[in-house]
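Engineer: Each chain, letter by letter, is given below.
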Amino acid sequence: MLIALMLLVLLPNFTRAGLAAEDISKLLFAPYGTVTIDGTVTDSEAYMDKPRYGHLSADVFHDEYGLTDGITAQLWLANNQTYFFVAVEYNKTGYVRVDLKAEGSSRLFSYAATVTNGSQVAYQVYIFERYDFTEHSFKKFSNLTGQVTIAVAGKESGGITTVEFAIPLGTSAYVPGDKAGKYVGEMFLFFSENDSFTEKPNYRTAEMLFYTARDIDDLEELEEIFFHSYDFVYILSWTLFMVVGVVFVVWYYAWYVPKKK
Amino acid sequence: MAFEKIKSSIDERLGLSEIDYEIPASANSFGYMLGSSSLFVLFILGITGVILGLFYQVGMDAGYESIVYISSDPILQFIRSMHWWAANLIPVLMMMHLTRVIVTGSYKKPREINYYIGVILFAVILMFAFFPGMTLAMTQEGYEGLSESNRILRSFGIRIFPEGGIYVYYFIHVMLAPVLILLLFSAHALYIRIHKITPLPGHEEESTTGPKSTFFHHMKVALLYWAVIFVFLAVLSILMPRTVPQKPIYGIEVTLPPWIFNPTMTFETLLKSPLLTPLPLAFAFLLLFLVPIIDRDPNRNPLENKKQLLNIAIVLFIVFVIFLGLNTALMFVREPKLWTPATLNVNKDHCLLPCTTFFSFFVTPN
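Protein sequences, first through last, are from chains A and B. FYI, our numbering numbers position 186 of the first sequence as 186, with every residue one higher than the one before it. FYI, our numbering numbers position 133 of the second sequence as 133, with every residue one higher than the one before it.
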């Protein structure tokens, strides 16, 4: 019963990978064992003919059966140093964990997900400068370190692989003179779940974001966005408006009017 | 004489005297104007909304571009600002109206059904008018609102719509919401006519022997309130107009939702579950639904009726804990640095924009 269930779950992915029956049996009865990383850090500036936005590193994960489309994790970094992209394609049940640490930020950012067969998950981690209200300026990360951990067919089977990376993010390009180096940062995570994932890796979402990263080059645009996001005066003033109004009405009709009478 | 004849002739055909029923004189006070003031703000929203609709195109990009176009024209920018400020004012007025209803015990027999109609009307305005309207502008917060609501819907098993669902939200905002509001308001007004305006607690004798007023007189007083509200909104729209928004960056989450939905974000931030996101608002409405069940005592004086005091406490709990408490808690959790005096300066610069809109009425080329 259990095997039948496993087959039901796993079969669509095997067939998608073009596996023969013996490969399937091999996969079913042999432990997953090692997952090797064919990870090369490249700095390809040719990607999408946009030299400014080349990907910084590409790591391809193979399992021991040489399934090149088994699991891939790609780390992309736009040259304007505002976002970081991790795309993980799963053809098996597994989980991925991404840990990132930015220099200048006390926060360790991590994200983990367990994904069933055949789904694709893309993480876009934005390493934006954040507006520092105390300094009235933008601050920026300087270095990004972290690791991506990927496990195939469950943690226990031993197919866990971790790749560590350190990406220099440059210095504070937007921050003038004396305000440099005082960055207070945080990252934003975008979790995109591609429901309609088919045979081929689909980086449509990634590309869309890739291009939008270019659009935020403009400091003023960033400033406007961040202003808007933390415009707490707007939120508090309307909330207080309501609170004061309600308290007034309560006081007026529950105490003032009856006492007056 | 001739005027009287025309008046009676019109009345004979339209039955206006039926509406001009007697009401207690105390019903002309401030608290009894909040409902009609909300109606007036809805009216402003309707008029400005129709004008904006003439220039709005639906779509992720098209929506944004039409807002840029609207914002580039001083008159349209003023209308958009009026729409925005009015949209923010209406939850405040409705919450105050609701408070008055609870404090004066207007939810009690025989007005329970009308109370429920009012609560549903409040929910419809928030969920079907306010929220979808915010997403239509396709600013950063509009985009994030759209993806956030899609996430919530998905957690309830409802799939994402094409183009992030903006067409659906457009339909809800311009078609479904007005129809529902109109139907619910008509029922609300009908039952006010049937049950008549509730006298003040302790002034029950007014309905029989006390000083009287008429509904038409009541509406004349309301006109004064409406004028004040209109001037208030117009001044806000001129001094603090909605500026040309920045194109949203898809895929990031940097904005907070509109203030009235901010408490929901607290739950998502703390519990990390879209399924639980609507919980604070759902809880608030559940409490409001319990109000007539909790207190069925006919005594409407809150000083003598403990159950009514409990209902007042419910309203205060909603505004203090759910709105003020969770709003501030969330902002504190997300950004402790906001609580510095420097922040106030930054935001002051942002809010008190120069009166460009006002002057551009006179100096706009062409």
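Keep in mind the hints are simulated off the structure, nothing from the lab. If you're wondering where the values come from, they're calculated on a predicted model, not measured in any experiment. Hints may contain errors.
[As the list claims (entries may be wrong)] The calculated DSBU-like cross-link candidates involving lysine-lysine, where the alpha carbons are at most 35 Å apart (straight line), are:
1) B/Lys212 <-> B/Lys196
2) B/Lys196 <-> B/Lys109
3) A/Lys259 <-> B/Lys196
4) B/Lys5 <-> A/Lys259
5) B/Lys212 <-> B/Lys109
6) A/Lys259 <-> B/Lys212
7) B/Lys109 <-> A/Lys259
8) B/Lys7 <-> B/Lys307
9) B/Lys220 <-> B/Lys196
10) B/Lys220 <-> A/Lys259
11) B/Lys7 <-> A/Lys259
12) B/Lys109 <-> B/Lys5
13) B/Lys5 <-> B/Lys212
14) B/Lys7 <-> B/Lys212
15) B/Lys5 <-> B/Lys307
16) B/Lys307 <-> B/Lys212
17) B/Lys306 <-> B/Lys7
18) B/Lys307 <-> B/Lys196
Engineer: All hints, please: hold or fail.
Structural biologist: A quick look at each hint next to the structure:
1. Taken as a hint, the B/Lys212 and B/Lys196 pair is honoured in the structure, with Cα atoms around 13 Å apart against an allowance of 35 Å.
2. Between the alpha carbons of B/Lys196 and B/Lys109 the distance comes to roughly 12 Å, so the proposed pair stays at or under 35 Å and holds.
3. Taking the CA atoms of A/Lys259 and B/Lys196, the gap is about 25 Å. The hint holds against a cut of 35 Å.
4. This hinted pair does not check out: B/Lys5 and A/Lys259 have alpha carbons roughly 47 Å apart, beyond 35 Å.
5. As the CA atoms of B/Lys212 and B/Lys109 are separated by approximately 23 Å, the hinted pair is consistent with the 35 Å bound.
6. Taking the CA atoms of A/Lys259 and B/Lys212, the gap is near 22 Å; set against the 35 Å cutoff, the hint holds.
7. The suggested pairing of B/Lys109 with A/Lys259 holds, with an alpha-carbon distance near 25 Å, which does not exceed 35 Å.
8. About 48 Å separates the Cα atoms of B/Lys7 and B/Lys307, which puts this hinted pair outside 35 Å; it is violated.
9. The hinted pair formed by B/Lys220 and B/Lys196 meets the criterion: a straight-line CA distance of about 18 Å does not exceed 35 Å.
10. Distance hint between B/Lys220 and A/Lys259 is fulfilled; the C-alpha atoms sit about 28 Å from each other, no more than 35 Å.
11. Simply put, B/Lys7 and A/Lys259 have alpha-carbon atoms about 43 Å apart, too far for the 35 Å limit, and the pair is violated.
12. Between B/Lys109 and B/Lys5 the CA atoms are separated by roughly 41 Å; this puts the pair beyond 35 Å, and the hint is violated.
13. For the proposed pair B/Lys5 and B/Lys212, the alpha carbon gap of about 26 Å is at most 35 Å, so the pair holds.
14. Distance check on the hinted pair: B/Lys7 and B/Lys212 sit about 23 Å apart at the alpha-carbon level, within 35 Å; holds.
15. Under the criterion of a C-alpha separation no larger than 35 Å, the hint pairing B/Lys5 with B/Lys307 is inconsistent with the structure, at around 52 Å.
16. For the hint pairing B/Lys307 with B/Lys212, the CA-to-CA distance comes to about 30 Å; that is within 35 Å, so the pair holds.
17. Under the criterion of a C-alpha separation no larger than 35 Å, the hint pairing B/Lys306 with B/Lys7 is inconsistent with the structure, at around 49 Å.
18. Restraint check for B/Lys307 and B/Lys196: the C-alpha separation of about 24 Å stays at or below 35 Å, so the hint holds.
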